[in-house]
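Colleague: Chain order of the listed sequences is H and G.
According to the working numbering, the first sequence holds residues 1 to 283 in order.
According to the working numbering, the second sequence holds residues 1001 to 1267 in order.
None of these hints come from the bench; they were simulated from the model.
Keep in mind that this is a model prediction, so the values were computed, not measured.
Honestly, I wouldn't trust all of these hints.
[What the hints assert, rightly or not] List of simulated lysine to any residue pairs, SDA-like, C-alpha gap at most 25 Å:
(1) K97/H - I176/H
(2) K190/H - G1010/G
(3) K97/H - L26/H
(4) K190/H - Q92/H
(5) K190/H - S1008/G
(6) K97/H - S1008/G
(7) K97/H - I1019/G
(8) K97/H - W1015/G
(9) K97/H - W1254/G
(10) K97/H - L167/H
(11) K97/H - Y1013/G
(12) K97/H - G1157/G
(13) K97/H - L1016/G
(14) K190/H - W1178/G
(15) K97/H - I1248/G
(16) K97/H - P1187/G
(17) K190/H - F1009/G
(18) K97/H - L1012/G
(19) K97/H - F1251/G
(20) K97/H - L1155/G
(21) K97/H - F21/H
[Stated by the list, open to error] From chain G, some residues computed to sit far from chain H (all C-beta separations above 10 Å):
(22) Y1013
(23) G1052
(24) N1057
(25) F1076
(26) L1108
(27) S1125
(28) R1129
(29) A1165
(30) A1171
(31) G1175
(32) I1184
(33) F1186
(34) T1198
(35) T1213
(36) Y1222
C-beta: ideal position from N, C-alpha, C; glycine also.
Residue-level listing of the chains:
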Amino acid sequence: MEHPRRLFALIGPPSVYLTLFFLLPLGIMAVFSFRAGTIGEARNVFTLEHYRQFIANAAYHRLLWRSSLMAFGIASISTLLAYPLAYFLTFQAGERKLTLMTLIIIPTWTSYLLRVFAWKLILGTNGLLNTLLLSLGIIDQASPILLYSRTAVMVTLVYVWVPFVALPIFAALERIDRSLLEAAADLGCKPWEAFLRVTLPLSAPGVIAGFFFCLIPTLGEYVTPLLVGGGQGAMYGNLIQDQFVRALNWSMGSVMSLAMLLAVIVLLVIFSRMGSFSKLLEL
Amino acid sequence: METRRIPSFGLLYYWLIVIVLFLPIFLLILFSFNDSTRLVFPLRGFTLQWYGQLSKNPELIRAVRTSILLALGSSFIATVLGTMGALVVVRYEFPGRNVFVAVAALPLVIPYIILGVSLLIMLHSLGVRLSAWTAGLAHVVISLPYAMLVVIARLVGFPQNLEEAAMDLGATYWGALWRVTLPIIFPALTAAFLICFTISFDEFAIASFLVGTQPTLPVYLYSQLRFPTRLPLVVSMAAILMSASMAIVLFSEWLRRVGQTPQPKKK
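So here's chain H without its partners, still in its complex pose (with noise of 0.2 Å):
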């Protein structure tokens, strides 16, 4: 530390911020997990009620398996699909890949909100797909399935991951010495050997970077399960917001969000496991 108030005086700031803007938020929820009760008397007794009541609801625990369940399967599916993307990007655009890269990330900038919405026009009853499949005579009646079910989360949500998913993945992919794959034919290496030889083991950061990076929130999401999900399709992050926005169950409410962060955090460990955090960031 050559210059000790110059640092303090970079750092302070954004530290101080992140602190009473992001942990200590984080730690006030902690504690009104205990409380009794979210207004009047019952806020000044503390119990740990809310977490017997947690750990007894087999509902609860079966949204969050449920959830979890989905988010894994959404991460896998955007992975698989955004792997031939990246590779694809990386190897076989030649010169306009940066163009190409680009317009994939262009329509993620666009209101999230609406392109979600936009995912009903094509799933309802009088949308795109049943429209198209009548015309077609594929199907001979609307199917009024498509929307407002687990499925249409689950396509809307790797719609709307698959481009964040790409890029780690072309990242990884890019820095692949080339000369590699060169020595691996010339070592009499066929193009899929190699490939499962060379190119995949060394773009798995980038592959398990791209997985967490969508499985962790979407662990959390309820805004994709609102518009599109119906009953039938809620995930467990609607059931958090139920607690904070209509049954005003706040400290339940806490209960399940920091049951969420807990998740988070293994999930985090994991992956800091599998592949350093700070070299995914470049630094």
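For this one, chain H is given, so just place chain G on it according to the hints.
Modeller: Below, chain G alone, put in the same frame as chain H:
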């Protein structure tokens, strides 16, 4: 690659994905010109009436204004704080550096609902009245890591000896930072600002908990999605927004690339 079939398959796959990615946006734009209050196929006829009605909707205009002000404010703070963080991370080794990076980067992955409700609880406990600005507090937290990453990417390739030269010539450290470093990385700062702007402008999951009675545009749009007759209006607004944000992104992408290319040597 010796086989020619693989590239063509890749290209096909690429365009298929691009079409799917743009499809919802295209549909919204299509329906914004459709002469019917119902957003269903078949299309009815061409109209510009929804665009005409936009300007006559004061609530919508207020929401747009709120969102713009909020996004300007929060992205300014996020860019300043993110730049400070980036300078620290790139230039200094100190105990706790990894902790700082981890905490600053955490909002990238943490589910937004957790940030929203925890801030809601804190502000409520302190008796702070909710407004668009309270949502802005959270927007700074979520856009800061993006600003930091963009500036870090630029600083990594930045020749530190320029700063040293300025200091040899009598500038203080802060003077060198202000008059040498910041002007050179200015394109990256602008790109960071624009990215933060689009994040804040589009953010719904957190804002829905924190805006109180002062809806931002996404919160307003969401409230309108429940009324079928207002949908065409929302959709035409969406079409405008999507075009505008695409323009902003293209501009910031261009800036980021200008910022990354090595500066030509003088003389």
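Colleague: Within 25 Å, alpha carbon to alpha carbon, are K97/H and S1008/G?
Modeller: holds, 15 Å
Colleague: Evaluate the condition: distance from the CB of F1076/G to the nearest CB of chain H exceeds 10 Å.
Modeller: holds, 13 Å
Colleague: Can you confirm whether the C-alpha distance between K97/H and L1012/G stays at or below 25 Å?
Modeller: holds, 15 Å
Colleague: Does the claim that A1165/G lies off the interface hold, with its Cβ farther than 10 Å from every Cβ of chain H?
Modeller: Given a closest Cβ separation of 17 Å, the condition holds.
Colleague: Is K190/H within 25 Å of S1008/G, Cα to Cα?
Modeller: Roughly 19 Å between the alpha carbons, so the hint for K190/H and S1008/G holds.
Colleague: K97/H and L167/H were given as a pair; does the straight-line alpha-carbon distance stay at or below 25 Å?
Modeller: Judged against 25 Å, a Cα distance of about 13 Å means the pair holds.
Colleague: Checking one constraint from the list: CA of K190/H to CA of Q92/H, max 25 Å. Satisfied?
Modeller: holds, 18 Å
Colleague: Taking the closest pair, is the beta carbon of T1213/G still more than 10 Å from chain H?
Modeller: For T1213/G, whose nearest Cβ neighbour in chain H is about 15 Å away, the distance exceeds 10 Å, so it holds.
Colleague: Since Y1222/G was said not to touch the interface, does its Cβ keep a gap of more than 10 Å from each Cβ of chain H?
Modeller: violated, 6 Å
Colleague: Is the straight-line distance between the alpha-carbon of K97/H and that of G1157/G 25 Å or less?
Modeller: Measuring from Cα to Cα gives roughly 22 Å; hence the hint holds.
Colleague: Non-interface claim for A1171/G: all C-beta distances to chain H beyond 10 Å?
Modeller: holds, 14 Å
Colleague: Test the statement that G1175/G is away from the interface with chain H: the closest C-beta pair must be farther apart than 10 Å.
Modeller: holds, 12 Å
When held up to the earlier numbered hints, the structure conflicts with 3, 14, 21, 22, 26, 27, 34 and 36 and fits the remainder.
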